[in-house]
Structure formats: structure tokens, C-alpha cells
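Engineer: This is what each chain is made of:
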Amino acid sequence: MTRLLQGLSGAPGIAFGTTVRLDLPSPVLQTALPLAGGVMEHFTRLQAQVVAALQAVASELRAEGKPDEAAILAAQALLANDPALTAEVRRRVLDEQIPLVDAIQAATGAMTALLRSLDDPYLRERAGDVLAVGKQLQQALSGTTPTHTLLTNAIVISHDLTPLETATLRKSGIAGFATAGGTTTGHVAILARALGIPAVVGLGEALMDVPAGVPAILVADSGLLMIEPSSDEIALYTAERATRQAAESRRLAVVGVPATTRDGSPFDLWANIGHPSEAQTALRYGASGIGLLRTEFLLLDRAAPAGEDEQYAAYAELLQAMADRPVIVRTLDVGGDKRLAYLPELDEANPFLGTRGIRWAIRFPDMFRAQLRALLRAAPRGDLRIMLPMVATPEDVSWARGEIEGVANELALSGVDYRAEVPVGIMVETPAAAITLDRFGGIDFCSIGSNDLAQYTLAADRTDATLVQRYRSDDPAIFRLLRMVAASAARLALPVSLCGELAAEPQHAIALVGLGIGKLSMSPSAIPQVREALQSVSLSETKQRAAQACDYHQE
Amino acid sequence: MSETHELVLIVSHPNGLHLRPAALFVRTAARFHSTITVSNLSRVGSLPVDAKSMFGVMQLGVAEGHTIEVHSAGDDAAAALVAIQRLVANDFEEQA
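Taken in order, these protein sequences are the chains called A and B.
As numbered in my numbering, residues 7 to 561 make up the first sequence, in order.
As numbered in my numbering, residues 48 to 143 make up the second sequence, in order.
Worth double-checking, as some hints may not be accurate.
Unchecked claim - Short derived list, chain B residues pointing at chain A, Cβ under 7 Å: (1) R67; (2) D97; (3) F102; (4) Q106.
Since the hints were made in silico from the structure, they are not lab data.
No residue lacks a Cβ here, since even glycine has one placed at the ideal position from N, Cα and C.
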């Protein structure tokens with residue numbers, strides 16, 4: 007009997023595979039596990055098991071002509087069997103008398119911390135490999151995960167995933183993600199969409215009862231997880247997936263055809279990305295620019311903030327890849343649900359209403375200045391634009407303008423190559439900015455951050471899965487506010503774009519164009535279907551759709 | 048019969064001793080009985096690590112152009128250094 011779990015669509019697609027549990031069982035259970043033979047002998051067996059699993063997948067990948075991916079797994083196999091790891095675990099088990107599971111945790115934790123503290127970004131990334139190896143050893147110990155299925159055709163089941171885990175898993179060729187928590191605009195969903203991996207989020211606690219190692223289908227568009235599907239269901243969704251793939255290649259074929267509505271009215275589709283390396287993906291899906299580069303990802307998962315030079319290299323790489331297409335870089339947006347381990351933890355009752363975005367920059371200006379220096383230095387390489395997050399008042403902008411001027415003066419004195427006349431815009435994500443856009447003199451563009459604007463307008467936490475289903479970002483309240491922003495922008499002759507997930511939904515994208523918001527930025531993989539939808543309508547149809555969106559809730 | 052040898056090499060692989068080159072380095076070292084350690088002379092305060100440990104070699108943070116010092120002690124110490132020297136000199140091209 008098939009078991010169905012309903013969640014929210016995190017990233018589109020249909021995935022077939024075997025469930026793999028990413029969450030570890032509680033340590034209490036594990037310490038009670040009886041061990042045959044000595045603890046270290048058992049650890050040696052676990053190492054051998056993990057090494058064999060990793061090597062098996064590595065040779066599979068080599069056979070598939072993916073030597074780079076294979077090398078990663080082969081290196082992890084060496085790590086799993088590393089004498090340094092063995093010594094660390096032995097010391098903890100024998101000298102400190104702590105349980106094996108904790109010893110593995112502590113040893114890999116210490117090794118990870120050491121790698122993260124190095125001033126080499128590549129090696130800091132390798133910390134993820136050590137962490138992954140530690141997890142695999144712990145999973146082998148608990149027996150929850152058949153390690154041979156860990157990396158291929160896995161439908162990863164987890165309570166929730168950190169951005170680090172999601173990003174790490176992308177390298178392992180998994181089939182899909184299913185999480186109990188999370189929302190359509192959470193980091194897991196955003197990353198999964200960028201990586202083109204199907205994901206269902208917000209499945210609730212019932213997900214945690216799903217065992218590992220059972221066949222499953224992830225119908226991610228409908229937010230559905232099917233456990234132990236029947237052969238009929240497998241046939242049905244196999245056919246469905248083939249149809250979708252054909253449609254997808256048809257859409258990719260129109261990449262490069264001018265983006266206009268049926269009656270010739272132009273629109274621009276840009277990509278939201280979290281790392282410069284995603285530029286190629288954005289271009290492949292036909293993005294004509296980067297409407298949002300989130301820069302937190304350059305700073306997360308490390309022991310210290312990226313220095314100016316490292317940031318400069320990243321921005322320069324992106325501008326080069328985008329070859330004079332617009333690239334909007336959002337300055338650091340920490341605070342809210344995005345915390346950086348090495349920054350002071352603020353004691354805030356409401357972090358989303360607290361020191362985040364530009365407010366963080368004002369409070370801790372050093373990192374903001376380093377970022378501005380890196381941006382102005384990279385600016386000669388392409389069409390760079392700087393966007394300020396969480397702006398609520400004109401004073402926020404004038405402060406930032408002052409900082410940019412200060413940084414430009416410093417750069418002028420230091421004699422390095424830079425460009426000071428970079429367009430500066432704001433992210434319209436507070437109702438205050440939306441309502442009083444006309445007060446903001448001295449900005450060159452604005453981009454509506456519909457995820458946060460909806461959260462603040464509806465007063466509903468977007469990380470709360472129970473709330474987002476009731477208080478949706480396509481509520482007429484949001485569309486009316488967007489209509490207001492579009493009208494103000496038109497009066498001010500201010501370029502306006504939208505970079506929230508609202509743009510990725512074809513029906514909503516049509517309404518947005520109807521409101522006069524013709525520059526839409528979204529996850530790269532959403533671009534083809536939005537393009538197809540917009541090309542099939544006339545401008546008057548988009549206006550009609552916009553009017554409907556402002557009035558009633560169309561179900 | 049035990050002997051001790053030392054060798055100083057410059058790593059010219061564009062990725063330094065990163066993942067794949069590091070793995071080859073470790074595998075090469077692991078073929079020998081001798082105790083082999085390696086340190087990164089281009090990083091201040093870098094301590095010698097076990098050349099047979101992937102983690103150890105990784106944490107040296109050897110980038111392109113860095114100078115490493117390899118130390119070996121044991122009955123096949125000289126042969127080990129010859130193999131490592133050849134690997135580094137060939138820019139980590141996989142040996143047939």
C-alpha cells in the first residue's frame with residue numbers, strides 16, 4: 007500500500023529513488039548498542055564499510071565519465087580511513103572513555119574546525135568533506151543508512167537541512183530532497199531550485215516515521231512524497247517525467263529568442279543566484295542578467311569573513327562570466343534567519359524585525375566596507391549594480407551612500423583600479439519602502455524582494471510552514487502593494503524589478519508584467535517555463551491578470 | 048636497516064596539494080613502510096604532518112608555488128622520497 011505525504015513544492019521535478027535518512031538517531035539509543043568485540047575493532051570495520059561504499063560510488067562515477075566527482079569521493083574514502091582520524095577517535099574512546107558515536111563526532115568536529123580556520127577558501131570547503139565522512143561513519147554505526155545507497159538515487163529524508171548540507175549533497179548526485187520543516191522560500195528550496203534537484207519541504211513530523219531504504223517517488227511539483235509506490239504509480243510518473251523532460255528541452259530551445267509577449271512587448275528574465283559559479287547555469291537557462299546575487303553564501307560556513315581580495319575575485323569572476331550583462335549584487339544580508347557563527351549573537355526577541363540587512367551594516371560597518379571595496383574594485387569588469395537590503399528609510403540609503411563615497415576616496419588614494427560610479431539601488435522588502443518609494447532620492451533602481459515584503463505585509467513568518475500555507479505571497483494585499491510600487495517607480499522613472507519567488511510562478515509572472523514590472527529575477531531553472539508563459543500572452547491579457555490578482559484570490 | 052632522508056620540493060600544480068593531488072600524494076606515501084612526514088615551508092608555523100594522512104596533508108594548505116619539505120625514516124626511506132619526488136615533478140600526472 008502506497009503511503010502519501012503532502013508537503014510544499016520546494017523545487018520542481020519528479021524523482022525516483024530509495025529513501026535515505028540523513029538525521030542520526032538519538033545518541034542515547036546508540037550508546038545502548040551492544041558491540042561485538044572491542045570498540046576500536048568495531049570502528050575499523052565501520053571505516054572499511056564506509057571506504058568500500060565511497061570507492062564503489064567513485065568507480066561508478068569514473069565509469070560514467072565524471073572523474074572530478076569521482077576524485078571527491080575517492081579523497082573522502084582516504085579521509086574515512088585516515089590515520090589522524092583513527093588516532094583522534096582512539097584517544098577519545100580509550101583515554102577519555104566516551105562512547106564511539108560521540109568520539110566520532112568530536113574527532114571529525116575538531117578536524118572540521120581546524121580546516122575552517124585556515125585562510126584558504128578551498129580548504130575550508132574541504133571541511134565539508136570531513137563532516138560528511140563523520141556523518142557517514144556515524145550512520146554506519148547506527149545502521150540507519152545502507153551506505154551503498156547514500157550517494158546515488160537517494161531521496162534524502164531529513165528533519166531540515168542547513169545550507170551547508172544542501173550544498174554538500176549537491177555534489178553527491180542525489181535524486182531529491184524531502185524535509186519535514188522548511189518552506190518554499192527557505193534556503194533548502196532556493197538551493198535545490200538553483201541546482202535543479204527536485205525537493206519537497208514542509209512534510210511535517212510524519213516524515214520522520216518513514217524508514218530508510220524503501221522505494222519512493224518525489225512528485226515535487228505537487229509537493230508529494232509517495233512511499234513504496236505501486237508498479238502502476240511508478241509507470242504513471244515515469245511517463246509524466248518523460249513528458250516534462252520533452253517540454254523542458256523545448257523551452258530550452260527558445261533560449262536566445264527575443265523575450266517578448268505575443269504582441270511584442272519586451273520583458274527581461276534574470277537569475278537569482280547564491281554563488282558566482284551559478285552564472286553558467288543562469289546563462290544556460292537563458293537569463294539575460296543576474297537580478298540578485300546573494301552574498302551571504304560567500305561568508306557562511308567559515309571561521310572568519312571572506313577578506314576583501316577573496317570577495318573581489320568572486321565578484322570579478324561573476325562579472326566576467328556574465329560578459330556585460332547586468333549583475334545586481336545585494337550587500338550582506340545577515341540577521342533574521344541567517345546567522346554567521348563568528349559574529350556576535352544578538353539577543354533579539356524578533357530577529358526578522360531586528361538588526362538585519364542594512365541595519366547590520368550600520369551597526370557593524372567593517373564588513374560592509376570591505377564588501378564595498380571589493381565591489382568597486384570589481385566594477386570595471388562589467389555592469390555591476392549594488393543593492394541595499396532591508397532599507398526602511400531614506401536615512402538608510404544616505405548612510406550607505408556616504409560609506410560608498412568614503413570607500414571610493416580611499417581607493418582613489420591607494421591607486422588600485424576601481425570604478426566609483428556604480429548604480430546603487432534598494433531592495434523593496436519593507437512595507438515602509440514600498441509605501442514611500444518617492445521619498446528615496448538618490449537611488450538608481452529598486453528591486454522588490456517579494457518574499458520578505460509578503461512576510462512583513464502579512465505579518466506571517468515565512469520560515470513557519472504552518473503559516474505560509476494560509477498567508478500566501480500571492481494575496482491581493484501583496485499585489486496591490488506591488489501595483490503601488492510599480493506606479494511610483496513609473497512616476498519617478500525609476501527602473502523596477504522583482505526578485506522574489508513570486509516571479510518563478512508563471513501565472514504570477516504574467517500578473518507582474520501586467521502591473522508594469524517587466525524585469526523578473528528568479529531561480530535559473532524557473533526561467534524557461536516563465537518565458538514560455540509570458541510569450542504566450544498579450545500585454546492586455548497580462549493587465550487583465552494583474553487586475554484579477556489585485557482583486558480576488560484565484561484558486 | 049633504517050635510514051633517514053630529507054627532500055625539499057616546490058609544488059607547481061595549479062591546485063597545489065588540493066583534493067586529487069593530495070590523494071595521489073597520500074597514496075604514494077602509503078605504499079612505503081617508512082615513516083614519512085611533510086611540512087609546508089611556505090606557511091609560517093606549519094608543523095610536519097603524517098604524509099600518509101589525507102587530513103594531515105590537506106591541512107598543510109599547500110598552494111601552487113609552495114615549498115614543501117618531506118622527511119622519511121625507515122628501510123625504504125630513499126625509495127619513498129624518489130617516488131614522491133617523481134610524483135611532484137610530473138605535476139601529479141597519474142602513473143600508469
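Engineer: Per the CB criterion, is R67/B less than 7 Å away from chain A?
Structural biologist: holds, 4 Å
Engineer: Does Q106/B pass the interface hint, meaning its C-beta sits closer than 7 Å to a C-beta of chain A?
Structural biologist: Hint on Q106/B: holds, closest Cβ of chain A at ~6 Å, below 7 Å.
Engineer: Holds or violated: D97/B as interface residue toward chain A, Cβ cutoff 7 Å?
Structural biologist: Where the cut-off is 7 Å and the nearest Cβ of chain A is about 6 Å from D97/B, the hint holds.
Engineer: Using the nearest Cβ pair, does F102/B come within less than 7 Å of chain A?
Structural biologist: With a closest approach of 5 Å, the F102/B hint holds.
Checked against the numbered hints above, the structure violates none of them.
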